[in-house]
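Student: Chains as they are written, first to last, in my numbering: chain A, 661 to 856; chain B, 11 to 73.
Keep in mind the hints are simulated off the structure, nothing from the lab.
As the structure is a prediction and not an experimental result, all values here were calculated from the model.
Cβ coordinates follow ideal geometry from the N, Cα and C atoms, glycine included.
Among the hints, erroneous ones may be present.
[Unchecked claim] Keeping only pairs whose Cα atoms sit at most 30 Å apart, straight-line, the calculated DSS-like set for lysine-lysine is:
id: 1; chain 1: B; residue 1: 39; chain 2: A; residue 2: 788
id: 2; chain 1: A; residue 1: 775; chain 2: B; residue 2: 39
id: 3; chain 1: A; residue 1: 744; chain 2: B; residue 2: 44
id: 4; chain 1: B; residue 1: 44; chain 2: A; residue 2: 797
id: 5; chain 1: B; residue 1: 39; chain 2: A; residue 2: 744
id: 6; chain 1: B; residue 1: 39; chain 2: A; residue 2: 797
id: 7; chain 1: B; residue 1: 44; chain 2: A; residue 2: 775
id: 8; chain 1: A; residue 1: 807; chain 2: A; residue 2: 797
id: 9; chain 1: A; residue 1: 788; chain 2: B; residue 2: 44
id: 10; chain 1: A; residue 1: 684; chain 2: B; residue 2: 44
id: 11; chain 1: A; residue 1: 807; chain 2: B; residue 2: 44
[Stated by the list, open to error] On the chain A side, residues computed to face chain B include the following (Cβ under 7 Å):
id: 12; residue: 735
id: 13; residue: 738
id: 14; residue: 807
id: 15; residue: 810
Spelled out from the first residue to the last, the chains are:
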Amino acid sequence: MARMKFLCDAERCIECNSCVVACKNENDVPWGVNRRRVVVLNDGVPGEKSISVACMHCTDAPCAAVCPVDCFYTTDEGIVLHDKDLCIGCGYCFYACPFGAPQYPEQAAFGVRGKMDKCTFCAGGPAKNNSDAEYAKYGSNRIAQGKLPLCAEMCATKALVAGDGDMVADIYRERVLKRGGRPQTWGWETAYGAQG
Amino acid sequence: MSKLNVLLMGLVVVVLAGCNQSSSVTVHKPGVYKGASDPLLSANTEERATALSERFTMGQLDR
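Throw the hints in and build the complete structure from the sequences for me.
Tutor: Take a look at the structure:
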């Protein structure tokens with residue numbers, strides 16, 4: 661069984677933010693919520709690096725461990741999803757997540773948090789596949805259509821790669837062998853462990 | 011032993027007691043999912059895995 665993983669190649673990311681736009685457009689993400697964002701490391705310093713960050717769908721997801729209402733589940737492909745009908749917007753998952761992935765739309769007065777929203781690896785959520793209800797709550801379900809996340813599929817420099825972990829690792833290994841230097845798999849170890 | 015020494019020793023014990031740290035780690039295991047079932051889980055996973063693999067080869071390999 662394929663184990664879906666994200667990998668962002670910092671040597672290739674040019675901070676164009678197309679992945680952010682693609683995600684917003686594909687999933688109709690509400691204003692104020694960013695399921696994916698591009699982070700610049702050592703901004704302004706020669707040799708700065710950019711990486712595209714979203715939910716990494718961790719092997720041992722800390723968000724699921726701290727959720728007081730147990731609204732998280734992991735699919736057979738290792739995609740971490742959640743049920744918005746159960747979520748109470750407590751924010752525990754935000755504090756547990758090493759990537760700052762969980763987002764909360766402002767849904768009421770006085771800044772009251774709404775239900776948590778995060779990257780679904782374009783796999784929707786617990787609703788009928790590709791239904792209007794699923795799209796309204798969770799966004800597009802490209803996985804059910806046999807497609808991979810749009811952010812990675814449209815990345816012009818192929819910096820962001822999403823798919824079966826073994827295939828992703830093979831691509832990255834080949835790149836590092838070709839260009840030399842040390843592999844810098846930002847977040848990979850944190851999300852998937854030292855074994856990858 | 012003077013009273014002062016006893017008091018000082020007591021003070022040292024009290025102060026050092028605050029430096030003690032339990033080495034046991036609290037491990038939180040994820041609970042059992044309580045939400046609605048996802049039809050994606052019951053779909054044909056092998057067929058989907060093949061489709062996703064083909065898709066990956068088609069669009070994400072280096073040129």
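Student: Hints first: check each against the structure and report whether it holds.
Tutor: Outcome of the hint check:
1. B:39 <-> A:788: holds (29 Å)
2. A:775 <-> B:39: holds (23 Å)
3. A:744 <-> B:44: holds (11 Å)
4. B:44 <-> A:797: holds (18 Å)
5. B:39 <-> A:744: holds (21 Å)
6. B:39 <-> A:797: holds (27 Å)
7. B:44 <-> A:775: Given that 30 Å is the threshold and the Cα spacing comes to 16 Å, the pair holds.
8. A:807 <-> A:797: Holds, because 19 Å separates the two Cα atoms, which is no more than 30 Å.
9. A:788 <-> B:44: holds (17 Å)
10. A:684 <-> B:44: With a Cα-Cα distance of about 28 Å, the restraint between residue 684 of chain A and residue 44 of chain B holds, given a limit of 30 Å.
11. A:807 <-> B:44: Holds: residue 807 of chain A and residue 44 of chain B sit about 28 Å apart, inside 30 Å.
12. 735: holds (6 Å)
13. 738: Status violated, d = 12 Å.
14. 807: holds (6 Å)
15. 810: Nearest chain B Cβ about 11 Å off; hint violated.
Going through the hint list in order, the structure does not satisfy hints 13, 15.
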